[in-house]
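Asks: Listed below are the residues making up each chain.
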Amino acid sequence: MDEILQILESDARTTAEEIAKLTGQSVVSVKKTIKSYEKSGIIAKYKTVINRSLLDNGDPFVLALIEVGIMPQKDVGFDHIAERIYQFPEVRTCYLMSGTYDLLVIIEGETIQTVADFVASKLSPMPHVRSTTTHFLLKKYKEDGHIFKKKDRSRRLNIGY
Amino acid sequence: MSERISKVVQDLPPSGIRKFFDLVLGMKDVVSLGVGEPDFVTPWNIREKAIDSLEQGYTSYTSNKGLVEFRKEIAHFLKSRYDLHYDVEQEMLITVGVSEGVVLVMRAILNPGEKVIVVEPSYVSYKPMTVLAGGEAVVIATKAEKGFKLQPEDIEKVCRSHKNVKAILINYPCNPTGTSYTRKELLAISRVVRKYDLIVISDEVYDELSFEFDHTPFPSLPGMKDRTVYLNGLSKGYAMTGSRIGWVCGPKDIVAAMTKIHQYTIMCAPITGQMAGIEALRNSRKSVVEMRKEYIRRRRFIVDSLNEMGLSCHVPQGTFYVFPSVRSTGQDALTFAETLLMKKRVAIVPGTAFGSGLEYHVRMAFASSYDSLKEAVKRMKEYIQTIPSQGNS
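Chains D and W supply the protein sequences, listed in that same order.
Numbers in this note's numbering are just positions in the first sequence, counted from 1, shifted up by 858.
Numbers in this note's numbering are just positions in the second sequence, counted from 1, shifted up by 110.
In short, the hints are calculated from the structure, not lab data.
C-beta atoms are modelled at their ideal positions from N, C-alpha and C, and glycine is treated no differently.
Treat the hints with caution; some may be incorrect.
[What the hints assert, rightly or not] Chain W regions said to be covered by chain D (calculated; three or more residues, Cβ under 8 Å):
# : region
1 : 136-146
2 : 404-416
3 : 457-463
[As the list claims (entries may be wrong)] Below, simulated EDC-like cross-link-like pairs (lysine to aspartate or glutamate); rule was C-alpha separation at most 16 Å, straight line:
#  : chain 1 : residue 1 : chain 2 : residue 2
4  : W       : K484      : D       : E941
5  : W       : K138      : W       : E418
6  : W       : K362      : W       : E201
7  : W       : K305      : W       : E255
8  : W       : K488      : D       : E861
9  : W       : K182      : W       : D162
10 : W       : K403      : D       : E861
11 : W       : K488      : D       : E875
12 : D       : K890      : D       : D914
13 : W       : K370      : W       : D481
14 : W       : K335      : W       : E418
15 : W       : K403      : D       : E875
16 : D       : K1009     : W       : E448
17 : W       : K335      : W       : D363
18 : W       : K256      : W       : E246
19 : W       : K484      : D       : E876
20 : W       : K491      : W       : E400
21 : W       : K484      : D       : D860
22 : W       : K225      : W       : D307
23 : D       : K893      : D       : D860
24 : W       : K182      : W       : E165
25 : W       : K276      : W       : E246
26 : D       : K905      : D       : D860
27 : W       : K305      : W       : D264
[Said to hold, decoys possible] The following label-pair restraints were derived from C-beta to C-beta distances:
#  : chain 1 : residue 1 : chain 2 : residue 2 : range
28 : W       : K370      : D       : D869      : 50 to 58 Å
29 : W       : M377      : D       : K1008     : 35 to 43 Å
30 : D       : S894      : W       : M137      : 21 to 29 Å
31 : D       : K1008     : W       : R304      : 56 to 64 Å
32 : W       : T449      : D       : Y944      : 54 to 62 Å
33 : W       : E263      : D       : G899      : 53 to 61 Å
34 : W       : D197      : D       : L863      : 45 to 53 Å
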């Protein structure tokens, strides 16, 4: 993967000026490359990874992983039904999987009840949905390569030969 | 000093910047560019292997030379990477870091009064360890304007004007300057070495952090294997400083002599580190390459930033150090480092630690996260702006 993408993937706030310094390219060419990545969709979005468990009075919030079994449709396969599912704003993530089920759907809701309602009233009754298995997420340890545990202070001495 | 202490040790010059070091160690919230080790922790697969070895009860001594499986792994690594062939039984020894290797080789080869050429700026232990072994260090001071590169004619000069020069100690890529040598440059050095029949002690612990060209081990040069004691280890390239694992490869007679001293003093390197070392050499190439890539990015950032500040700085060819001059600020290195620490809490090492004639150089390590480097650069800029009368540079 291009170095510019690697840098932005680890910190999306790195400025073009900084990337230029880190990669030895000119600022103009870095900006141009980033623009072209944005245009082509290679850079899909810049986002912030939030550790919600640290929010003192955050809104209540649960995440559920739902394994969805699908009857594929003639001509359109899984794509059509996937689209009908991922359009729901509750759906944060939707993957087509190999293995014992077809779609992995990650749902966000305020309480277990709201998620259950979504599954019961919206997802399960959809045509071509064969089965659903819902798993509630208990704790996030690592996400997008980021470990949530607070980093220990460096054990290195401040000075040495 | 007390009569209880040996004369030789009493006469060893104390580090001139001990006081400065004590100052740093007692201070909090310091952004440090003063360390001599990676900021990465040892890659997980290596740590996991160390834990696993403890769980399985690998807690004993190993053979004096080190675990044969580890030595074989090193031999395999040197063969596949550098086409260097060493016999694991007679030409190899596992040590407690390269530091032990330096001590052993000095004690193994030196008779009282025999001399070792030390190339400055140099790592701090070379001269004292030469003296402690009864030898004498002859210094070649390399020049900033030549990129701190050892010139073959410097070796000629020393060998013509000194008797009893037995060995030369070289370290590349070099701590503290980051200077390294191409194969061609090394060949020129090897010709002089052969002419004056010198033993070469080659500390190549930063070989994995070579940025500009492929690293050439000294013993891989024609005719040099028989006269080179090759020192390397896991500390820098694999981020394993705390494991304290190094190795020596060299001619049978010297390695046998070193092993004799090693068995009486150390017995063997710690087994956990050796077990971890097997995993490091076997399965960690990707981590090593990733860390190197990261250092290269930071190097660009720090070199550019320093030059922008007016601290002239050559681009290090390896290691994670830059060695700029602070002369343009009108301050000497010690004043600069001390005031920067007191006023802005940025720790760097004055060049005087690494040899004489380095009163205006400082060593900064870019083995720190990009955020720390940015912060350090910001504070340094602020500090430099407060220096009243900047001299002309």
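Asks: Test coverage of the region 457-463 of chain W by chain D using CB-CB distances below 8 Å; three residues minimum.
Replies: With 3 residues close enough to chain D, the hint holds.
Asks: Starting from W:K182, check that the Cα of W:E165 is at most 16 Å away, please.
Replies: It is violated: about 23 Å lies between the C-alpha atoms, which goes past 16 Å.
Asks: Mind checking the alpha carbons of W:K182 and W:D162 for me, to see if they're no more than 16 Å apart?
Replies: 20 Å, violated
Asks: Given the hint that W:K484 pairs with D:E876, test it: the Cα-Cα distance must not exceed 16 Å.
Replies: Roughly 10 Å separates the two Cα atoms, so the pair holds.
Asks: Taken at face value, is the distance from the CA of D:E875 to the CA of W:K488 at most 16 Å?
Replies: 15 Å, holds
Asks: Is the hinted range of 53 to 61 Å satisfied by the C-beta distance from W:E263 to D:G899?
Replies: 60 Å, holds
Asks: If I claimed the Cβ atoms of W:K370 and D:D869 lie 50 to 58 Å apart, would that claim hold in this structure?
Replies: Since W:K370 and D:D869 have Cβ atoms about 53 Å apart, the given range 50 to 58 Å holds.
Asks: Does the alpha-carbon distance linking D:K1009 and W:E448 stay inside the 16 Å limit?
Replies: 29 Å, violated
Asks: Below or equal to 16 Å on CA atoms is what counts here, so check W:K370 against W:D481.
Replies: Measuring from Cα to Cα gives roughly 47 Å; hence the hint is violated.
Asks: Cut-off 8 Å, C-beta pairs, minimum 3 residues; does the coverage of the region 404-416 of chain W by chain D stand?
Replies: Coverage by chain D holds for the region 404-416 of chain W (6 residues, Cβ < 8 Å).
Asks: Against the 16 Å threshold, does the CA-CA distance of W:K403 and D:E875 hold or violate the hint?
Replies: 19 Å, violated
Asks: Does D:K890 pair with D:D914 here, judged by a C-alpha cut-off of 16 Å?
Replies: Violated, because 41 Å separates the two Cα atoms, which is more than 16 Å.
Consistency with the previously given hints fails for numbers 4, 5, 7, 8, 9, 12, 13, 14, 15, 16, 18, 20, 21, 24, 26, 30, ordered from lowest to highest.
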